[in-house]
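Student: Given next are the chains, with one letter for each unit.
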Amino acid sequence: MSSTTVAASPRSIAWQRRRRALAQAWGLYRRHVPGMIGLSVLLVVVVMALLAPVISSHSELDVVNTVDHQRWASPAQVPPLGTDDYGRSVWAQFAWGARISLLVGLAATIIAIVIGSVVGIASGFYRGIGSAILERITEWFLVIPFIPLAIVLAAILGPSVRNIIIVIGITSWPSTARLVRAQVLTLKERLYVERSRALGASTRHLMGRHIFPNVSPIILANLTLTVPVAILSETTLAFLGLGDPTRASWGKMLEESFKAGALTRDAWWYYLPPGLGIMAVVLAFTLIGTALEEILDPRLRESRR
Amino acid sequence: MNLRFVTRKVLAALATLAFVICFNFFLFRVVEGDPVANLFRGKNLTLEQRLELRKQFGLDGSQSEQFVRYLEQTVQLNFGRSYTTNRPVMSDIWERAWPTIALVGVSTLLSTVFGVMIGIVAAWRRRSKADYGWTGFTMATYAMPDFWLGMLLLVTFAVTLGWFPVGGITDTGSDATGLAKLVDQAHHMFLPALTLTLAYLGEYALVMRSSLLETMREDYLTLARAKGLRDVVVRNRHAVPNALLPVVTLIAINFGFVLSGAIAVEAIYSWPGLGLLTYDALRGPDLPMLQGLFLVFSAAVIFMNLVADLLYSYLDPRVRTE
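Order-wise, the sequence lines are chains G and W. According to our numbering, the stretch in the first sequence is residues 221 to 525, in order. According to our numbering, the stretch in the second sequence is residues 1196 to 1517, in order.
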């Protein structure tokens, strides 16, 4: 309360500066048309996923409750999206499936980003044997083909939402690690970091004040670009039958529609919505990520003008 | 290319391969719990069956004994017998490798050619209608799950229009030989190849576009223009060859990855390659088959990475002197 009259503490100055930087970035973002389109699309999907219990009925997902329903009903017969081979509502699957697809995409990304950032910062900041080992491990994971590794892991761990998140998380971190490491390597050589070190700054201070704040924009942009990859991975794994058998996801809808013969029946209401949903979310995250990259990376910002 | 550079790269690739082989061993043993119990969840097994399975997986004896035995067998390319066909895993993989190599080879070729062309058009006329249109198109194909794109093409061109067969590699019961057989196979390959081409085209287009944009800032292009060369000549003789470098390495690396990336698409079109083999092995689950496939896929990526490294240093002398 008294902060307006008392001389500002270094901490409050830092916070003011951060808030100003954030406001400035948001100002730039708001004028970025593709970025705003991506954000709006994502908002619509997130709201739909959150409102799934309101806008659809969960009981429609269970075969037990739909025995007397019409099978393969078209959207005209059973609005809004018809039914599948068990008489389950496709709309309910779509709305509830959005939750699993988004959850897996976001949670797996967080795991990947945390591992990637820690490994990247550590192997970039420190020198010596440990750093060399981390670098080699990153390179190894980069060449192990992702889908076969994820398949083998998911087959061994067993199909569940938790395991799919873990599998995608621990197979998607190497590219983040490499990106962060490269950035830390150049940051470390900057004059102000060297000066700070010469003044006797501890490792903790260097990390907390100089290295981490400067790599965090890159980590943020990379995060939004990793989510679409994670969502597409979930789709592929679910299609291969490695998804949670008890929870609807967009990937699982595609798997089940394919297996039930929706293609030959021309039951477009079953296989079109999940694919379009995935496409919308992936495009949204790609647009947001590219916009963030352009705003947060001054070099790209310049080249846009 | 000097010998020391090549030796270093080859040794690094071998080290990676050794890592993958060891990793493959621990993958099936370090996981919490009993892999046999996990894989046969829900299937009632007697104690004898359980012990027999453990023996088949090489899970009997001490850890170090298991490891030595595993290494011996891997070096001999012996990955055990498949549960479903009871044939050696390696002979199944070998048989199925050719359809995949053909499919992936054709799609890689087509997606590179068209991707590079799109990238050139988009970059050279930056911010034009063509740029926005093509960049939008490539982003859309990138955002689709590749197998969903395959499903859409299958419905449109095979089920509804009937122009192409819905799956397989030859007509069932066909005993055509020679040219007729080749035509039949090409007819079957068209839709899966189109799917993979469209799915991978976006990446090449985007890489080519950004690489060419980078090259367009170089001084030698300004010089070429100052000499009074025509726009087409500046583009085709000066800009594009230099901008192609990153694409060339991407092709080699991707070829390795695409071998395994075609799993779902092969499943959609029942194309009898490594992808369909993986898909079927997952149904079992046919564990020895999965392990063998994992090693083969990894080895392919490592090998193609090595090729990419060597190719790049051959094409760009700056890398060698580093």
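One should not assume that every hint holds.
Claimed, not checked - Examples of chain W residues toward chain G, derived with CB under 7 Å:
| hint | residue |
| --- | --- |
| 1 | M1339 |
| 2 | P1340 |
| 3 | F1342 |
| 4 | M1346 |
| 5 | L1348 |
| 6 | V1350 |
| 7 | T1351 |
| 8 | V1354 |
| 9 | L1356 |
| 10 | L1477 |
| 11 | S1493 |
| 12 | N1500 |
Quick caveat, the hints were computed from the structure, so don't treat them as lab data. Positions of the beta carbon are idealized from the N, C-alpha and C atoms, including for glycine.
Student: Now tell me if each hint is right for this structure.
Tutor: Hint-by-hint comparison with the structure:
1. Look at M1339/W: its Cβ gets to within about 5 Å of chain G, closer than 7 Å, so that hint holds up.
2. Below 7 Å, beta-carbon pairs count as interface contacts, and P1340/W has one with chain G at about 5 Å; its hint therefore holds.
3. A cut of 7 Å between beta carbons decides the hint on F1342/W: the least distance to chain G is about 6 Å, and the hint holds.
4. Interface restraint check: M1346/W against chain G, minimum CB-CB distance 6 Å, threshold 7 Å, status holds.
5. The closest approach between the C-beta of L1348/W and any C-beta of chain G is roughly 11 Å, which is over the 7 Å cut-off, so the hint fails.
6. For V1350/W, the shortest C-beta to C-beta distance to chain G is roughly 5 Å, which falls under 7 Å, so the interface hint holds.
7. For T1351/W, the interface hint is violated, the least distance from its beta-carbon to any beta-carbon of chain G being 10 Å, above 7 Å.
8. Among the interface hints, the one on V1354/W holds; its C-beta lies about 6 Å from the nearest C-beta in chain G, closer than the 7 Å criterion.
9. The interface hint given for L1356/W is violated, since its Cβ lies 12 Å from the closest Cβ of chain G, which is over the 7 Å cut-off.
10. Because the beta carbon of L1477/W sits about 6 Å from the nearest beta carbon in chain G, less than 7 Å, this interface hint is met.
11. For S1493/W, the interface hint holds, the least distance from its beta-carbon to any beta-carbon of chain G being 6 Å, beneath 7 Å.
12. Evaluation of the N1500/W hint against chain G yields a held restraint, the C-beta minimum of about 6 Å falling below 7 Å.
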